[in-house]
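**Q** Listed below are the residues making up each chain.
There are 2 protein chains.
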Amino acid sequence: MLKFAILLFLSLPCPPDPCCFALLWWQNAGGWVRSVRSQKEVLFLHINDGSSLENLQVVADPSLEKRDLTFGSAVEVQGKLVKSPHKMQNMELQAETIHVVGPCDIWSFPLKMKERHPLEYVRQFPHLRCRNNTLGSLLRIRSEATAGIHSFFQDNGYVHIHTPIITSNDCEGAGELFQIETSSEAKESAEKTHFFNVPAFLTVSGQLHLEVMAGAFTHVFTFGPTFRAENSQSRRHLAEFYMVEAELSFTESLQDIMQVMEDLFKTVTSTVLSKCPRDVELFHKYIAPAQKVILFSSSCRISYSEAVEILKQAPQTFVFKPEWGCDLQTEHEKYLVKHCGEVPVFVVNYPYDLKPFYMRDNEDGPQHTVAAVDLLVPGVGELCGGSLREERLPFLESRLRRLGLIDAYQWYLDLRKFGSVPHGGFGMGFERYLQYILGVDNIKDVIPFPRFSHSCLL
Amino acid sequence: MLKFAILLFLSLPCPPDPCCFALLWWQNAGGWVRSVRSQKEVLFLHINDGSSLENLQVVADPSLEKRDLTFGSAVEVQGKLVKSPHKMQNMELQAETIHVVGPCDIWSFPLKMKERHPLEYVRQFPHLRCRNNTLGSLLRIRSEATAGIHSFFQDNGYVHIHTPIITSNDCEGAGELFQIETSSEAKESAEKTHFFNVPAFLTVSGQLHLEVMAGAFTHVFTFGPTFRAENSQSRRHLAEFYMVEAELSFTESLQDIMQVMEDLFKTVTSTVLSKCPRDVELFHKYIAPAQKVILFSSSCRISYSEAVEILKQAPQTFVFKPEWGCDLQTEHEKYLVKHCGEVPVFVVNYPYDLKPFYMRDNEDGPQHTVAAVDLLVPGVGELCGGSLREERLPFLESRLRRLGLIDAYQWYLDLRKFGSVPHGGFGMGFERYLQYILGVDNIKDVIPFPRFSHSCLL
Chain A
1 MLKFAILLFL SLPCPPDPCC FALLWWQNAG GWVRSVRSQK EVLFLHINDG SSLENLQVVA
61 DPSLEKRDLT FGSAVEVQGK LVKSPHKMQN MELQAETIHV VGPCDIWSFP LKMKERHPLE
121 YVRQFPHLRC RNNTLGSLLR IRSEATAGIH SFFQDNGYVH IHTPIITSND CEGAGELFQI
181 ETSSEAKESA EKTHFFNVPA FLTVSGQLHL EVMAGAFTHV FTFGPTFRAE NSQSRRHLAE
241 FYMVEAELSF TESLQDIMQV MEDLFKTVTS TVLSKCPRDV ELFHKYIAPA QKVILFSSSC
301 RISYSEAVEI LKQAPQTFVF KPEWGCDLQT EHEKYLVKHC GEVPVFVVNY PYDLKPFYMR
361 DNEDGPQHTV AAVDLLVPGV GELCGGSLRE ERLPFLESRL RRLGLIDAYQ WYLDLRKFGS
421 VPHGGFGMGF ERYLQYILGV DNIKDVIPFP RFSHSCLL
Chain B
1 MLKFAILLFL SLPCPPDPCC FALLWWQNAG GWVRSVRSQK EVLFLHINDG SSLENLQVVA
61 DPSLEKRDLT FGSAVEVQGK LVKSPHKMQN MELQAETIHV VGPCDIWSFP LKMKERHPLE
121 YVRQFPHLRC RNNTLGSLLR IRSEATAGIH SFFQDNGYVH IHTPIITSND CEGAGELFQI
181 ETSSEAKESA EKTHFFNVPA FLTVSGQLHL EVMAGAFTHV FTFGPTFRAE NSQSRRHLAE
241 FYMVEAELSF TESLQDIMQV MEDLFKTVTS TVLSKCPRDV ELFHKYIAPA QKVILFSSSC
301 RISYSEAVEI LKQAPQTFVF KPEWGCDLQT EHEKYLVKHC GEVPVFVVNY PYDLKPFYMR
361 DNEDGPQHTV AAVDLLVPGV GELCGGSLRE ERLPFLESRL RRLGLIDAYQ WYLDLRKFGS
421 VPHGGFGMGF ERYLQYILGV DNIKDVIPFP RFSHSCLL
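In order, the protein sequence lines correspond to chains A and B. Here this note's numbering is used: the first residue of the first sequence is 1, the next is one more, and so on. Here this note's numbering is used: the first residue of the second sequence is 1, the next is one more, and so on.
So that you can see chain A by itself, here it is in the shape it has in the complex:
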């Protein structure tokens, strides 16, 4: 491993310890060539191994230049690691040998040296775009954010649960689902027998399964893929996306849920900022120059009813007229965020008839609401959605009966028959989180392999 640890060193904020340094004095470095600059007396290479945005500068005798030493080629360089005379880097490698392990046909390679390709352009090459600086940075940030999410929950005593991907539940009854068959079933059509005996779907949320666990653990979370078969080409939707979901037992207040959302956001964002500052800087410099990371230093909390009033009094006209009882549309969310000063906005207590059966009845009137909360953020809209869950058996039974779902959810009612506790939770869209902190307009650019209608490349 030592052999390729060199670039990690370059990303250190201060020069390495002299003892370590001695070990690294005579070095092999492997990576991909980002630039070649041949001068009369010296050959400069920049190579990168993906461990950071920074390249390692290699200085060599021009005699070491070869025909296949081009942009995009993979090289192994052996030489001496020395303090660099340049201000921009700590160290450079004085090459003794340069070995091209994998050449690159630059004429057919879609990425070009030192060119800042637009995100739309590199999106066409899902198998090569990770070699682009911007996507490289994105993937490092995504990786750190993932680790940060696991640490946050781990440090706060949550038990991680792998909620199932394949489920016989149609969780919310809303939206199109993906159905699963074995490939041989898919070919034969009439009179299907199902592999699982029952129709099976890809999960739209791990919530109900987390609620199972919330009957034995007071804090649980899951972080995995979820699916929607929506035929949308929106810049905020994917058919396959990642969701962080948490469930807390023994809580009777939406405020507890909002606090966890906020803490999660702050902790993960601090981790990302401290672990890959240069990668984040790239986004804020070239992709979203207006973007600033708002570390939730201020936020705003309004009720759904207040939100509707604000919208009704807005000087602008909306395509969808704001009306109590109707869902907030993207244009409404945008206006509310602007109205509150471009800060994160918690909207609480939504109409009872608008929300799924599991949300807790506020028993209020005349406008009947449930204890739900959505978190809206600038540029992205809904980032998190959560609620207290209806833990009271009679309330849940009568609601499920009215919806004709009582038979399908006997197991869910069981959770309320045996040691039910007040509880609640939320989900955060991981890609939307990345869009928000980095200022990335299109959700397809914050996931390694985007899946959406009409597209499933590789």
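These aren't lab readings, by the way, just hints derived from the structure by calculation. You may find that some hints are simply not true.
Given that identical chains are not distinguished, each listed pair holds provided it fits within a single copy or across any two copies.
[Said to hold, decoys possible] Here are the simulated DSS-like cross-link-like pairs (lysine-lysine), alpha carbons at most 27 angstroms apart as the crow flies:
{"#": "1", "residue 1": "K292", "residue 2": "K83"}
{"#": "2", "residue 1": "K417", "residue 2": "K66"}
{"#": "3", "residue 1": "K417", "residue 2": "K112"}
{"#": "4", "residue 1": "K321", "residue 2": "K66"}
{"#": "5", "residue 1": "K417", "residue 2": "K114"}
{"#": "6", "residue 1": "K444", "residue 2": "K417"}
{"#": "7", "residue 1": "K292", "residue 2": "K355"}
{"#": "8", "residue 1": "K275", "residue 2": "K292"}
{"#": "9", "residue 1": "K40", "residue 2": "K312"}
{"#": "10", "residue 1": "K444", "residue 2": "K285"}
{"#": "11", "residue 1": "K80", "residue 2": "K285"}
{"#": "12", "residue 1": "K266", "residue 2": "K112"}
{"#": "13", "residue 1": "K334", "residue 2": "K266"}
{"#": "14", "residue 1": "K87", "residue 2": "K338"}
{"#": "15", "residue 1": "K114", "residue 2": "K444"}
{"#": "16", "residue 1": "K266", "residue 2": "K292"}
Position chain B against the provided structure of chain A, taking the given hints into account.
**A** Coordinates of chain B only, in the frame set by chain A:
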């Protein structure tokens, strides 16, 4: 949060700091009742909140007993936390008030007080089995192992990649796949249009997608669900299971890959043993009394050819006759592990014709092999599988052409045209790992919601 932190304290190896302790002196504790013992002068409760296997002992005046204070009910107890006179526990709670927040109908509740239910029994109740001690311990261990896997790779400079769940690739061409359709497509049968325009499947491995990333990062890993539509009722197979996969660039030796497998195993197992010793102990005491965790203190390495020779000379007869060129069967794996002294066994260099197209040609003869490695472990069989990947364009092209796959894998060939590097990687079945360290016979008992043929509960 403080309110429910109390049980965390009980799981601390040493008594808490006096300052913290003072804070916790007057306490609310919420949890589920594990036992009720009413004596003439005192009422004993054991409550558990899932943070550890240990219960909190609550001591109360018998006047606080109520009819619905039963096994399985959820309670909130307010009282004084004091040092316990009993040796078995650090502290106990002297209750002032006991509030039953959620009663439990013990007559219809399938779990019974102080009964050690067999795993097969609790498996029938996927929505309630987490309230059983054994499953509670399993889920805590699974959670710690998950965190340990993320930390191991994070600490070793790996970039985490979310490889896609839905894919248009049929990675290995082997085994039955699950195919995906929107639920409306599934209903209409003839003349299908696909949501993604192409047939789409659930992934069987993230390897090819990790290889994409191994062209920009020298170390990458993924940890997520994978799927097989095998109609098997084996105790080692699931339709949905979790796999850890890693890919390393700039490596030319299988030894590097094996070293990472071993380091991963050792690090994660140490984490689990130090984070939840009591939970592991439960398994080794009641589930698999003969089980000892072998921390890879010794292992064995043989070639496939040697393995076949060992099998041929075995004094026992096999259902499948061992023959060079044939796959190793479960009975063969078992014998090899026994032959090597019940330690982990690496088997390397498998027949070329037995393995998928991407494995690296050893260019040997007369018995033509590829640089593949399987790790076999006692009781479980194959735990990990890996290989060096064929990074040489001409080798890969001719193999794909012979297999008639050349058109489908143009993108994969591209990875070898543009800066190809020697690389390799492996996958480890997460459930099999848990089976191995805990001595759990059936794979259905180490995953929260098992999916297999004829079964997809919840």
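**Q** Does each hint fit the structure? Answer for all of them.
**A** Each hint, compared with the structure:
1. K292 with K83: Neither way: K292 and K83 sit 34 angstroms apart in one copy and 51 angstroms across, limit 27 angstroms.
2. K417 with K66: Between copies, since 18 angstroms is at most 27 angstroms while 75 angstroms is not.
3. K417 with K112: Close across copies (15 angstroms), not inside one copy (63 angstroms); limit 27 angstroms.
4. K321 with K66: Neither. Shortest intra-copy (67 angstroms) and inter-copy (54 angstroms) distances fail the 27 angstroms Cα cut-off.
5. K417 with K114: between (64 angstroms within a copy, 20 angstroms between copies)
6. K444 with K417: Classified as between; 26 angstroms across copies, 43 angstroms inside a copy.
7. K292 with K355: Neither: 33 angstroms inside a copy, 51 angstroms across copies.
8. K275 with K292: Within one copy, since 17 angstroms is at most 27 angstroms while 39 angstroms is not.
9. K40 with K312: Neither. Shortest intra-copy (71 angstroms) and inter-copy (66 angstroms) distances fail the 27 angstroms Cα cut-off.
10. K444 with K285: within (20 angstroms within a copy, 50 angstroms between copies)
11. K80 with K285: neither (34 angstroms within a copy, 56 angstroms between copies)
12. K266 with K112: Cα proximity of K266 and K112: none, with 37 angstroms in one copy and 43 angstroms across.
13. K334 with K266: within (22 angstroms within a copy, 50 angstroms between copies)
14. K87 with K338: neither (42 angstroms within a copy, 61 angstroms between copies)
15. K114 with K444: within (23 angstroms within a copy, 52 angstroms between copies)
16. K266 with K292: Answer is within: at 14 angstroms inside a copy they meet the 27 angstroms cutoff, but 42 angstroms across does not.
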